[in-house]
Amino acid sequence: MNVKTMKKQHFINKLFALVVLAGVVTSCGSSENSKGALGSDVASQAYVTPGEHDDFYAFMSGGFSGQISVYGLPSGRLFRVIPVFSQDPEKGYGYNEETKPMLETSFGFVPWDDAHHPELSQTNGVPDGRWIFINGNNTPRIARIDLKTFETAEIIEIPNSGGNHSSPFTTENSEYIVAGTRFSVPFPQKDVAIDTYKENFKGTLSFISVAEDGDMDVAFQVLLPGYDYDLAHAGKGKSHGWMFFTSYNTEEEHTLLEVNASQRDKDYIAAINWKKAEEYMAQGKFKEMPASYVDNHYDESKQMAFSETRNTVKVLIPSECPGLVYFLPTPKSPHGVDVDPTGEFIVGNGKLSSDMSIHSFDKMIKAIEGEKFETTIDGIPVLQYEEVLSGIVAQPGLGPLHTEFDGKGNAYTSFFISSEIVKWNLETKEVLDRVPAYYSIGHLMIPGGDSKKPWGKYVVALNKITKDRFLPTGPELTQSAQLYDISGEKMKLILDFPTIGEPHYAQGIAAELIAPNSLKYYKLEDNNHPQAIKSPNDSRIERDGNIVRVYMGAIRSHFTVDNLEGIKVGDKVYFHITNLEQDWDVPHGFSVMGANNAELLIMPGQTETLLWEPQREGVYPFYCTDFCSALHQEMQGYARVSDKGATTELKWSLDE
Amino acid sequence: MKKYFLKTFIFALPLSIILASCGETKKKDISDFQAKPTEQETAKASDPLENKGIGPVKSITLGEIDQALADAGKAIFDANCTACHKVDKKFIGPSPKDILSRRSPEWVMNMILNPEVMIQEDPIAKQLLAEANGAPMANQNLTEEQARQVLEYFRTLK
Chain A
1 MNVKTMKKQH FINKLFALVV LAGVVTSCGS SENSKGALGS DVASQAYVTP GEHDDFYAFM
61 SGGFSGQISV YGLPSGRLFR VIPVFSQDPE KGYGYNEETK PMLETSFGFV PWDDAHHPEL
121 SQTNGVPDGR WIFINGNNTP RIARIDLKTF ETAEIIEIPN SGGNHSSPFT TENSEYIVAG
181 TRFSVPFPQK DVAIDTYKEN FKGTLSFISV AEDGDMDVAF QVLLPGYDYD LAHAGKGKSH
241 GWMFFTSYNT EEEHTLLEVN ASQRDKDYIA AINWKKAEEY MAQGKFKEMP ASYVDNHYDE
301 SKQMAFSETR NTVKVLIPSE CPGLVYFLPT PKSPHGVDVD PTGEFIVGNG KLSSDMSIHS
361 FDKMIKAIEG EKFETTIDGI PVLQYEEVLS GIVAQPGLGP LHTEFDGKGN AYTSFFISSE
421 IVKWNLETKE VLDRVPAYYS IGHLMIPGGD SKKPWGKYVV ALNKITKDRF LPTGPELTQS
481 AQLYDISGEK MKLILDFPTI GEPHYAQGIA AELIAPNSLK YYKLEDNNHP QAIKSPNDSR
541 IERDGNIVRV YMGAIRSHFT VDNLEGIKVG DKVYFHITNL EQDWDVPHGF SVMGANNAEL
601 LIMPGQTETL LWEPQREGVY PFYCTDFCSA LHQEMQGYAR VSDKGATTEL KWSLDE
Chain B
657 MKKYFLKTFI FALPLSIILA SCGETKKKDI SDFQAKPTEQ ETAKASDPLE NKGIGPVKSI
717 TLGEIDQALA DAGKAIFDAN CTACHKVDKK FIGPSPKDIL SRRSPEWVMN MILNPEVMIQ
777 EDPIAKQLLA EANGAPMANQ NLTEEQARQV LEYFRTLK
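Just so you know, the sequences run in chain order A and B. Taking the numbering used here, the leading residue of the first sequence gets 1, the next gets one more, and so forth. Taking the numbering used here, the leading residue of the second sequence gets 657, the next gets one more, and so forth.
Each hint should be verified, as a subset may be incorrect.
Using 25 Å as the maximum straight-line C-alpha spacing, the simulated SDA-like pairs for lysine to any residue come out as follows [claimed, not checked]: (1) Lys730/B with Tyr638/A; (2) Lys753/B with Glu656/A; (3) Lys745/B with Ser535/A; (4) Lys746/B with Leu631/A; (5) Lys534/A with Pro750/B; (6) Lys523/A with Ala791/B; (7) Lys534/A with Gln783/B; (8) Lys490/A with Gly397/A; (9) Lys753/B with Leu654/A; (10) Lys746/B with Asp655/A; (11) Lys238/A with Gly391/A; (12) Lys782/B with Gln633/A; (13) Lys814/B with Asp655/A; (14) Lys534/A with Pro771/B; (15) Lys534/A with Lys730/B; (16) Lys746/B with Leu654/A; (17) Lys746/B with Ser75/A; (18) Lys275/A with Gly214/A; (19) Lys523/A with Lys782/B; (20) Lys429/A with Asp378/A; (21) Lys782/B with Asp727/B; (22) Lys742/B with Gly214/A; (23) Lys520/A with Ser75/A.
These are computed hints drawn from the structure, not numbers from a lab. Remember, predicted model here, so these are calculated numbers, not experimental data.
Could you put the whole structure together from the sequences, leaning on the hints where they help?
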């Protein structure tokens, strides 16, 4: 290099360094812009080093995907999508013979729903990590997911419901979870003119009991006027024993609700004394009504689901059960109803109101005792607004929807129209802080934020619209979650991340309450599936008419029989496949050419069944779909299909 | 030349400080997550029977064959192992017949109980993995007691 070129090079080096420096300074200084492309100090709060675990699990509703997605907080990393109400070909859920019954209803097989509100089971008012429940809004159902296996364990249909929205909120010890109907319907269902709404339509609020082992049952329903019941939350501490439901359309309109259901200044929060309901139930003061609904259980021992149809339901009628229900007037078409950790404040999020009304549980009890009633509707006393009101939060924002709590005396309310989270003090009703959400926040979630003991470190905004936040993906864009640090006085946005489907509500829980109990594999010795094989030596094919059952095992990296002959066109071939592995994280997949359903994804020690109806003669490969070892590509086999009338002998073999 | 180098170095120094202060997002250094090398037990390649393998089983004394123990072992072997190990032939893995003329009892049990480490660190197990074209010995999560029962069953296979 001569001197001249060296000088030139030197200059270029310096210039390059300057440009880099300028770039660094710029990126460091832009942390406060509205896009929230944050400075490193903020980003580090959501950063979980590769190989490290998150502090919290977050369970997000999958909205119209019908599923639950499981994320880590604070990283926003997606771990799993749990199939609940929708078929999931990735996992074979709703396609394999074992899980098809989970999606049975009184309308037959319904392989989709709209899932809104995950709710963790609680003990003493605190999430305990046993189960998470979620509502199916469209064909009214509640699912229970076992958090040992992260699998759907039960789905129960809700009778006399027209849309299960105010659900499945839990009482302090998950004595009950609830299911209030969003749409009132004729009670009982019948063919009537729609404009007879006021005469014929009723709303039911169902209480679903949860047994020690998780088994759900419709314990009773409370029959209410034909309003729309929107959301709910249970009392806690001193208000334990009460459940609160919001209502709108107290106008009882049946058309153009956008206008017609927004006429009245106040709608009602229905306060149900469920301890009182238990007394009335014990006294036999219920009406047994005909109903048709289905309860589906996954039997972990038999590794398959079973459906049972129920034909009656017990109904309590408020006019016959004094003290069971009271109405709390609340402006104006309230959406969420949220009870603070002490059980004193009942927050009515009046979505069309400019102020928020906060009721006091103590005042409510006094008003009941003093009979401060403004009127009575169908035997239900309406308490005087001023007598139950603790105070209002004046002009906090536009379109309040939901409120969560940090356990330090503060409430955090989402505002859909003004697209923000507002932090305010429960005692003083004073607004303390506000941050924008990008965009149109619906629910928000603080881990444990609807329980007695919130982990008040983060709040997650669950947004309906993302517009320009992420790279575009055609007309349909992702919905999103945003994570804010709330450990200080001011809320700080620290992360955006996309979600599966439209996220409605979510729940969060400390990882240590779930991770240690997570099942690693199913024990073969406990596998009581009727078609399981307990040893590879039991592999075989059996024919009964045109039903052919293939019993085979899977282990790294072969099927325990891999040459099958004697199958004929027109047969129904059931592949019963047992994963013979007994170790963590060794699932095997199974797929066969031309199958009209999906794959199987079989966990270690588990047996699953795929139905194959071969249509043409020939020889068809099957293989393992889940990369299982260095010899995964060799994990394959052939099924020979003969003509209907052929005399091909039933034969199975491996390495012969 | 030297001076030029020094100047560039001085110029670059504040830059690196800025970069460092701006980039401190890591909670931990990456080295914290790298697997610590496990203690490798030395095995005498010359005499496989002296190699006890790597795992929880340090010393086994074999007495007379205990038929009840062997029967329990056969049941476990049939359910958990026969997909890959056949008594009468080499299949995915070797036949267990006469295994104790080739391996120490401790090695056999450690291979059952700790296969992930064995195939990476034990010279014989590494060799066997290669012979099996990379098909790894599966960990079937037997207890030490069950592995002992399987070993007893192997002793009856002549």
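Against the structure, the hints:
| no. | hint | verdict |
| --- | --- | --- |
| 1 | Lys730/B with Tyr638/A | 31 Å, violated |
| 2 | Lys753/B with Glu656/A | 21 Å, holds |
| 3 | Lys745/B with Ser535/A | 18 Å, holds |
| 4 | Lys746/B with Leu631/A | 17 Å, holds |
| 5 | Lys534/A with Pro750/B | 22 Å, holds |
| 6 | Lys523/A with Ala791/B | 23 Å, holds |
| 7 | Lys534/A with Gln783/B | 31 Å, violated |
| 8 | Lys490/A with Gly397/A | 17 Å, holds |
| 9 | Lys753/B with Leu654/A | 21 Å, holds |
| 10 | Lys746/B with Asp655/A | 12 Å, holds |
| 11 | Lys238/A with Gly391/A | 19 Å, holds |
| 12 | Lys782/B with Gln633/A | 22 Å, holds |
| 13 | Lys814/B with Asp655/A | 24 Å, holds |
| 14 | Lys534/A with Pro771/B | 22 Å, holds |
| 15 | Lys534/A with Lys730/B | 13 Å, holds |
| 16 | Lys746/B with Leu654/A | 14 Å, holds |
| 17 | Lys746/B with Ser75/A | 48 Å, violated |
| 18 | Lys275/A with Gly214/A | 20 Å, holds |
| 19 | Lys523/A with Lys782/B | 29 Å, violated |
| 20 | Lys429/A with Asp378/A | 34 Å, violated |
| 21 | Lys782/B with Asp727/B | 30 Å, violated |
| 22 | Lys742/B with Gly214/A | 44 Å, violated |
| 23 | Lys520/A with Ser75/A | 24 Å, holds |
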